[in-house]
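Visitor: Next come the chains, spelled out residue by residue.
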Amino acid sequence: MAILEHATRNMRAPAPAALLVCEHCDTVYRRRPLERGEVARCTRCGAELDRHRVLTTNALLALILTSMIVFVQANVWPIFTLGLNGQYRATTLWGMIDVMWQQDAQVVSVLAAATLFFFPMIKMLVMGWLLWFARAGRRAPGFAPLMVILHRIGPWTMSEVFVLGALVAIVKAHTFFDVAADPGIYAYGALTLLITIFSGVDMRQLWEQTPEPGA
Amino acid sequence: MNTLPRAVDLGVIGCQVCGLVCRNVPGDTQWGGDGVDDVMACPRCGSTLHRRKANSYARTWALLIAGFILYIPANVLPIMRTASLNDIDDNTIISGVVELWVKGSPDLAVIVFAASIVVPMLKFLALSMLLVSSQRGSDWARPQRAKLYRLVEFVGYWSMLDVFVVSLLTALVRFSVLSRVEPLPGVIFFGLTVVLTMLASISFDPRLIWDGRNTDD
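Line by line, the protein sequences give chains A and B.
Position 61 (the first sequence) corresponds to 61 in our numbering; numbering is contiguous.
Position 71 (the second sequence) corresponds to 71 in our numbering; numbering is contiguous.
Just to be clear, a hint being listed does not mean it is correct.
Unchecked claim - Residues from chain B shown here face chain A by an in silico Cβ test under 8 Å; the list is partial:
1) R44
2) G46
3) L100
4) L169
5) V177
6) S179
7) M198
Because the hints were derived from the structure by calculation, they are not lab data.
Here the structure is a predicted model, which means the values were calculated and not measured.
Heads up, the beta-carbon is just placed ideally off N, CA and C, and yes, glycines get one too.
Using the sequences provided together with the hints, build the complete structure.
Guide: Set out below in structure tokens:
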């Protein structure tokens, strides 16, 4: 754990770029570069302040591109198939969203479309776009509003919950039906893994890593 | 430990969206602030800067209470109907957990129980406790309360589990008259409860835990 030096009360005219404020308790620290593997935690409330970024911009971009491919597969391929007396039924994510809409559960349908399709897609596209320009050390067009969007949709992507939900559904259906896993569930599994890796990355570092336009 | 300076003491504000530390100059109109009611925009990302999230107590209480009201029909009403040739079976959240336990997967039953019952209850109890203790300016167990808030934020969205299970089964179990699964109103109330409690935990400002009545920290 890295210890950051506290800013002091009698500090005259602090340079804002050199400071860091804990979001969870408002304690002010002096920023310093972290060594590999270091995580800075707030000494007052224990929240994470800063963490050394292991993945380079290039590695992160590669990861995002991989996730996009897997995301397409996860949405196009059926998730699993149920069989009963020789009849078979498979569904994709959009098949599920569509059926819920027709079954008068439009609220659920909209929630699923937003948290499993639109928000994850927006997140990946925006991250890809920002990182593509960051590679060349530049800020992408629309950098500031896109960074704000990324921050806002953060908690609303739920692909990993859906994977667990699919497992529970398989087990529940297993008692009455023949169940066969389809490629979609594997794609979802891989997607969950990828999302877990890049959701730990604080994209806000891009603010410091790219120069202010016109600065 | 009582010398840790906070942003308030140093006259700076940390932007909650991009992390920039901004100087809070009373009367500075450059950022659109009039220096009176603390309305300023972050010069870097353009988001409104708040010393504390706006109306955090009122908003969080409102969303939490609304979520709790919807949580009642979410549990009382059935969430899913399984219909076969000679049998119609309506399941509530609890009966779904029991069924999973009885029919051979106690481990998954525990996971579903945790996501559908424990997590929402944890959110109601934890957020109410955080709200009451912060509003009273209590300095009791502050580091633990801060940790509790981060836990609530972290586990919150897993409650959607049951909603996705019902959706998947509805989409798949459609064998004309032989066997069908249909969603029932309970699942809609439950989905809305999850959204409202997530909004409640987002609108709570954890910095309030540390504010207190007296500025002795």
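Visitor: Next step is simple, just say for each hint if it's right about the structure.
Guide: Structure-based check of all given hints:
The interface hint given for B:R44 is met, as the beta carbon of that residue sits about 7 Å from the closest beta carbon of chain A, less than 8 Å. For the restraint placing B:G46 at the interface with chain A, the shortest Cβ-Cβ distance is roughly 6 Å, inside the 8 Å limit, so the hint holds. Evaluation of the B:L100 hint against chain A yields a held restraint, the C-beta minimum of about 7 Å falling below 8 Å. Taking 8 Å as the C-beta contact cut-off toward chain A, the hint placing B:L169 at the interface holds, the least distance being around 5 Å.
Given hint, B:V177 at the interface with chain A, is violated; its Cβ is 11 Å from that chain's nearest Cβ, farther than 8 Å. Checking B:S179 against chain A by beta carbon gives a least distance of about 6 Å; that is within 8 Å, so the hint holds. Hint status for B:M198: holds, given a least beta-carbon distance of 7 Å to chain A, under 8 Å.
In this structure, only the earlier hint numbered 5 is contradicted, and the remaining ones agree with it.
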